[in-house]
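Protein chains: 2
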Amino acid sequence: MTAAAAPQTHPPADALAAVLDALRPLLGDRLTTSAAVREQHGRDESYHDPMPPDAVAFAESTEEVAAIVRACAEHRVPVIPFGTGTSLEGHVAALKGGLCLDVSRMTEIVAVRPEDMDCTVQAGVTRTQLNEHLRDTGLFFPIAPGADASIGGMAATRASGTNAVRYGTMREAVLALTVVTADGRIVRTARRARKSAAGYDLTRLFIGSEGTLGVITEVTLRLHGIPECILSAVCPFPSLKAAVDTVIETIQTGVPIARIELLDPNQMRAVNAYSGTDYAIAPTLFLEFHGTEAFAREQVGMVEAIAGEHGAKGFAWADTLEERTKLWAARHTAYYAGLALKPGAKGFSSDVCVPISRLAACLEETEADCAASPVTTAIVGHVGDGNFHVLFIVDPDDPEEIAAARALNDRIVERALAMEGTCTGEHGVGYGKMAFLEAEHGPDGLALMRAVKQALDPHGIMNPGKIVAP
Amino acid sequence: MTAAAAPQTHPPADALAAVLDALRPLLGDRLTTSAAVREQHGRDESYHDPMPPDAVAFAESTEEVAAIVRACAEHRVPVIPFGTGTSLEGHVAALKGGLCLDVSRMTEIVAVRPEDMDCTVQAGVTRTQLNEHLRDTGLFFPIAPGADASIGGMAATRASGTNAVRYGTMREAVLALTVVTADGRIVRTARRARKSAAGYDLTRLFIGSEGTLGVITEVTLRLHGIPECILSAVCPFPSLKAAVDTVIETIQTGVPIARIELLDPNQMRAVNAYSGTDYAIAPTLFLEFHGTEAFAREQVGMVEAIAGEHGAKGFAWADTLEERTKLWAARHTAYYAGLALKPGAKGFSSDVCVPISRLAACLEETEADCAASPVTTAIVGHVGDGNFHVLFIVDPDDPEEIAAARALNDRIVERALAMEGTCTGEHGVGYGKMAFLEAEHGPDGLALMRAVKQALDPHGIMNPGKIVAP
Numbered sequence: 001m002t003a004a005a006a007p008q009t010h011p012p013a014d015a016l017a018a019v020l021d022a023l024r025p026l027l028g029d030r031l032t033t034s035a036a037v038r039e040q041h042g043r044d045e046s047y048h049d050p051m052p053p054d055a056v057a058f059a060e061s062t063e064e065v066a067a068i069v070r071a072c073a074e075h076r077v078p079v080i081p082f083g084t085g086t087s088l089e090g091h092v093a094a095l096k097g098g099l100c101l102d103v104s105r106m107t108e109i110v111a112v113r114p115e116d117m118d119c120t121v122q123a124g125v126t127r128t129q130l131n132e133h134l135r136d137t138g139l140f141f142p143i144a145p146g147a148d149a150s151i152g153g154m155a156a157t158r159a160s161g162t163n164a165v166r167y168g169t170m171r172e173a174v175l176a177l178t179v180v181t182a183d184g185r186i187v188r189t190a191r192r193a194r195k196s197a198a199g200y201d202l203t204r205l206f207i208g209s210e211g212t213l214g215v216i217t218e219v220t221l222r223l224h225g226i227p228e229c230i231l232s233a234v235c236p237f238p239s240l241k242a243a244v245d246t247v248i249e250t251i252q253t254g255v256p257i258a259r260i261e262l263l264d265p266n267q268m269r270a271v272n273a274y275s276g277t278d279y280a281i282a283p284t285l286f287l288e289f290h291g292t293e294a295f296a297r298e299q300v301g302m303v304e305a306i307a308g309e310h311g312a313k314g315f316a317w318a319d320t321l322e323e324r325t326k327l328w329a330a331r332h333t334a335y336y337a338g339l340a341l342k343p344g345a346k347g348f349s350s351d352v353c354v355p356i357s358r359l360a361a362c363l364e365e366t367e368a369d370c371a372a373s374p375v376t377t378a379i380v381g382h383v384g385d386g387n388f389h390v391l392f393i394v395d396p397d398d399p400e401e402i403a404a405a406r407a408l409n410d411r412i413v414e415r416a417l418a419m420e421g422t423c424t425g426e427h428g429v430g431y432g433k434m435a436f437l438e439a440e441h442g443p444d445g446l447a448l449m450r451a452v453k454q455a456l457d458p459h460g461i462m463n464p465g466k467i468v469a470p
Numbered sequence: 001m002t003a004a005a006a007p008q009t010h011p012p013a014d015a016l017a018a019v020l021d022a023l024r025p026l027l028g029d030r031l032t033t034s035a036a037v038r039e040q041h042g043r044d045e046s047y048h049d050p051m052p053p054d055a056v057a058f059a060e061s062t063e064e065v066a067a068i069v070r071a072c073a074e075h076r077v078p079v080i081p082f083g084t085g086t087s088l089e090g091h092v093a094a095l096k097g098g099l100c101l102d103v104s105r106m107t108e109i110v111a112v113r114p115e116d117m118d119c120t121v122q123a124g125v126t127r128t129q130l131n132e133h134l135r136d137t138g139l140f141f142p143i144a145p146g147a148d149a150s151i152g153g154m155a156a157t158r159a160s161g162t163n164a165v166r167y168g169t170m171r172e173a174v175l176a177l178t179v180v181t182a183d184g185r186i187v188r189t190a191r192r193a194r195k196s197a198a199g200y201d202l203t204r205l206f207i208g209s210e211g212t213l214g215v216i217t218e219v220t221l222r223l224h225g226i227p228e229c230i231l232s233a234v235c236p237f238p239s240l241k242a243a244v245d246t247v248i249e250t251i252q253t254g255v256p257i258a259r260i261e262l263l264d265p266n267q268m269r270a271v272n273a274y275s276g277t278d279y280a281i282a283p284t285l286f287l288e289f290h291g292t293e294a295f296a297r298e299q300v301g302m303v304e305a306i307a308g309e310h311g312a313k314g315f316a317w318a319d320t321l322e323e324r325t326k327l328w329a330a331r332h333t334a335y336y337a338g339l340a341l342k343p344g345a346k347g348f349s350s351d352v353c354v355p356i357s358r359l360a361a362c363l364e365e366t367e368a369d370c371a372a373s374p375v376t377t378a379i380v381g382h383v384g385d386g387n388f389h390v391l392f393i394v395d396p397d398d399p400e401e402i403a404a405a406r407a408l409n410d411r412i413v414e415r416a417l418a419m420e421g422t423c424t425g426e427h428g429v430g431y432g433k434m435a436f437l438e439a440e441h442g443p444d445g446l447a448l449m450r451a452v453k454q455a456l457d458p459h460g461i462m463n464p465g466k467i468v469a470p
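Protein chains in written order, with the numbering used here: chain A, 1 to 470; chain B, 1 to 470.
It is worth saying that the hints were derived from the structure and are not from the lab.
Mixed in with the good hints, there may be bad ones.
[Stated by the list, open to error] Dumping the calculated DMTMM-like pairs for lysine to aspartate or glutamate here, alpha-carbon to alpha-carbon at most 25 Å:
hint : chain 1 : residue 1 : chain 2 : residue 2
1    : B       : K241      : B       : D410
2    : A       : K241      : B       : E115
3    : B       : K241      : A       : E115
Isolated chain A, as found in the complex (with noise of 0.2 Å):
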């Protein structure tokens, strides 16, 4: 079931002093108690309630965090690693008070290698800057959530987006961390080779870890060659249906679509009205093609072929950058058009990914669903992994609606989960889905990660209340 919190508790008074006393002559201001800057740290982008932290300190190199974990380490303190504060399951709601580490000033890029193709960044590093600064190596990093959030947050919650059908997800990105452990220690858990079968997948372990298990302060990546053409286009379908057999078709005819992106009409409404386009209000795909030109163009033909015997209604093409860049900047806002439909309204979104050969049957239900529930809801998804996102668009003090919402996320994760599908292809387990994670994972399954986390954090200090712990 979708979690509410418990209530919030909060560490001994005199170890959270002893914690302050302990990094003050480190930090200086950059540690403070303000209570704007522990509210502003106890909040995501969701409709869960703050939980505001006891103190929020902002590190400013590997060593400070090192110095920080160990300092909360000594008087076991809860130490919650903050990023931009984009995620969507609570996260970064201090559920048991502590210290908020925020790496936002984190933001050196460290190394870039155009040779290898690779590069080396601080975690409070976010996307854009990080694409922005490699503007002129003909590189780019593609892994494109919404939010413009922290690569070390990305890392940290196993963030996707929409480039993962052709570039993967941070998973596949990231080729070595430069982790603090619970107890402080540093370590860097691999070397930058592109495969290694030297010991266990330490990098693995630790993304999607949330802040459970240690603190993320460097990432190296992957980049890949900005591609010599790139092609972008919009096409309405008659149905639901029709756009995502569009979807499955291109996937198993094998096409390297790079963006293949559905929005449903009251998601193509929200966008209209917030990002001023005038898209058709119709099922929608968002596409994008790279390649060199023959290849990119060989590839637009076999997905319009597809697309006809679906009866879509044409490709309409973003001819220059400029409108390329508007057609992602409506597609990456979608989440923000779809709150502002419902002016004061919080939301919460579903994250659910299935086979693809399911994918159909299940949107159809979810949309028979959501056209039965009386909660505002529109609907988007990176279809081309079998990922959808229904956004629940509600009012925060209206605890009926928020009751009908999480009703049918319930519905909606039972579903995916019989059709051999996941709670959350991209957003991570917070504290929003933990209930789910039991349903999905089984008890032996949940088991193993719990005898993870006490080997890696034996006192609980890391995120705590977060993906199994409780």
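Place chain B on chain A using the hints.
The following block gives chain B in isolation, referenced to the frame of chain A:
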């Protein structure tokens, strides 16, 4: 330093007897202590001393594996999982005696789902068995190490091979595993969704764990569409550097080449003798291009241009399926061909992998080292990944030669580590590379791995003495 084995030890006789008594009713004559069977299960394909287990159990189902592990756990008897015995770092050596758990009879193809481009197989299915089964589906499983290894063993060692430059390694190929934990529970690590952010990445934790955290009994794999067009060629070069520079530029240009393999003149001589081919004795690239007809030809044009600039003497194309099969059979048997250079010899092999920008320097310095060494060597590599093998062809009864080969191997690994590479790109650690693992990950990285091992196998019964466990 390249490790020699400590003397073999054994569990107490009464513990072993108790396990055998407990399992005989379940397994009948699939449980054996015959010397010949034990001997066969204590050796891999490398120079490592054979270390037979005390008994061998042939499991036929996940439930049987669980029952076997539970019996061993109860009596603290080591369990060594065994697939085809084709690993190279002493992975199957029964360093502490115990029970070898042979999964080679678990050969069921549980499900093939063409519409999802995935399949589920039992751990004992080999890669060629799977591809034969898939023949009429239009799909294939791309991971191709030299040996016809079992899929379970390939997952356990994070194997890759000739196609990894395009299709990734077992890390990318596996969607989910069924594993039996060290206390005999059955856990499925993930659903079949293409991506998930649902908790710790148990799948990747078991991939590359070499039987030290549990036993892999079923594997769900991503499959790929057989390309419309496959073009294979062999191309000799005037120097090793010319061949490697061609590889580096090909990768940096972003050509999605399917295979790009380097063989040095010694290896080419060995291949000709073993496979009855008549390739030029020169540094040589074996190449393969996948795509639509137009796209494959476009890739060929780009790589021919790069190769031409480096003095390549022309591509010899394998025009028929038969010729292509012969070409890749010659490449895949390179290890056996190398051993055949010296009758009665055993092999061992370096397996370093470095960032692509360092590959030319790494290979040139390694070539000079080999030339200066008394040991017979042959070099072959998955150079598109930065991964190559120096095969040391040694007389197993000549300790001086083995010592010289070990010294050469040490030097090669140290060089790779200094270049931010790994000691093992795909063969794994076993007990042969434990010392290198410490050099690569440092004491704190190793401490994390040990914590994971201790958490998931607290009694140390799973393949003891490998990776990090004493």
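Hints, one by one, checked against the model:
1. K241/B / D410/B: holds, 23 Å
2. K241/A / E115/B: Between K241/A and E115/B the Cα gap is close to 17 Å, so the pair holds against 25 Å.
3. K241/B / E115/A: holds, 17 Å
Of the numbered hints stated above, none is contradicted by the structure.
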